[in-house]
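Trainee: Sequence:
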Amino acid sequence: MPPNKQWNVLCWNVRGINSEKKQLAICNAIDVSGCSVVCLQETKHSCFDASFVKLFCPKKFDIFAFVPSAGASGGLITVWMSLVFTGVPVFSESFALGVRLTSTQSADSWTLVNVYGPCADTNRVLFVSWLFDIDIPRGDDWLLMGDFNFIRKPEDRNKHGGDVNEMLMFNEAISELGLIELPLKGRQFSWSNMQDNPLLEKLDWFFTSAAWMTSYPDSVALPLAKPIFDHLPCMIKIGTNIPKSKVFRSENYWLNH
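Positions 2 to 258 (the working numbering) are the ones given, in order, by the sequence shown.
Hints are computed from structural coordinates only; laboratory data are not their basis.
Heads up, simulated DSS-like pairs for lysine-lysine below, C-alpha to C-alpha not over 25 Å straight-line: (1) 23 to 238; (2) 160 to 186; (3) 45 to 22.
Pairwise CB distance ranges (calculated): (4) 69 to 155: 33 to 43 Å; (5) 169 to 53: 36 to 46 Å; (6) 156 to 177: 20 to 30 Å; (7) 50 to 242: 35 to 45 Å.
Values in this document were obtained by computation on a predicted structure and should not be read as measured data. Ideal placement from N, C-alpha and C gives every residue a C-beta, glycine not left out.
Whole structure, please, built from the sequences with the hints as guidance.
Mentor: Spelled out as structure tokens, the structure:
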């Protein structure tokens with residue numbers, strides 16, 4: 002049989018990971034997604050050990066890397082199965098965690114970047130500067146995902162507003178890196194302020210390096226059902242088969258906009 006070259010990655014801004022309710026929601030999302038890698042943003046947790054990770058991940062997710070929160074702000078964790086991937090952290094910033102993953106069943110190796118973009122104005126400039134400076138070697142397979150806390154165009158929110166200069170800055174960084182967006186199938190927005198007349202925005206993004214779609218042409222970002230958080234959990238399906246034309250049927254579960 003050919004080596005397995007189909008994987009799922011769960012990506013989610015969880016707005017804190019300390020309550021049993023949220024830990025259960027993460028466990029459920031892992032189960033539904035059938036993922037072998039989990040990328041969580043805004044954990045609001047300063048330190049992780051194996052016993053704590055088991056509170057929200059099945060025991061087969063046994064390797065992890067994390068960026069601690071600054072007090073009750075920020076924080077990232079990437080968790081994966083050692084049966085599926087070996088992994089080596091390649092960089093760690095307050096707003097990004099890069100891990101080089103290598104399949105245990107094939108020679109495939111790629112860099113996964115878990116991103117949490119800051120909200121504060123000064124840090125936003127630093128974040129975009131860091132994004133500009135990422136060195137993606139030509140021909141390398143990279144996947145960048147998470148809550149960037151930026152929109153790309155006015156249509157990425159349901160109400161008037163948004164900083165046009167920030168949009169230009171974000172798009173310039175994406176262009177400079179030659180990144181390719183994986184659109185979120187069936188959803189225009191990924192975040193809600195959860196009000197009666199909600200503000201909706203697309204803050205969660207999924208980008209690949211230029212080489213990625215040659216290596217993994219069957220890659221797609223799909224929304225999962227939203228239980229209790231303001232961000233939509235998403236699943237990235239990665240595959241090497243050239244996809245056939247098919248109709249996407251999304252569940253009628255969250256913010257029919």
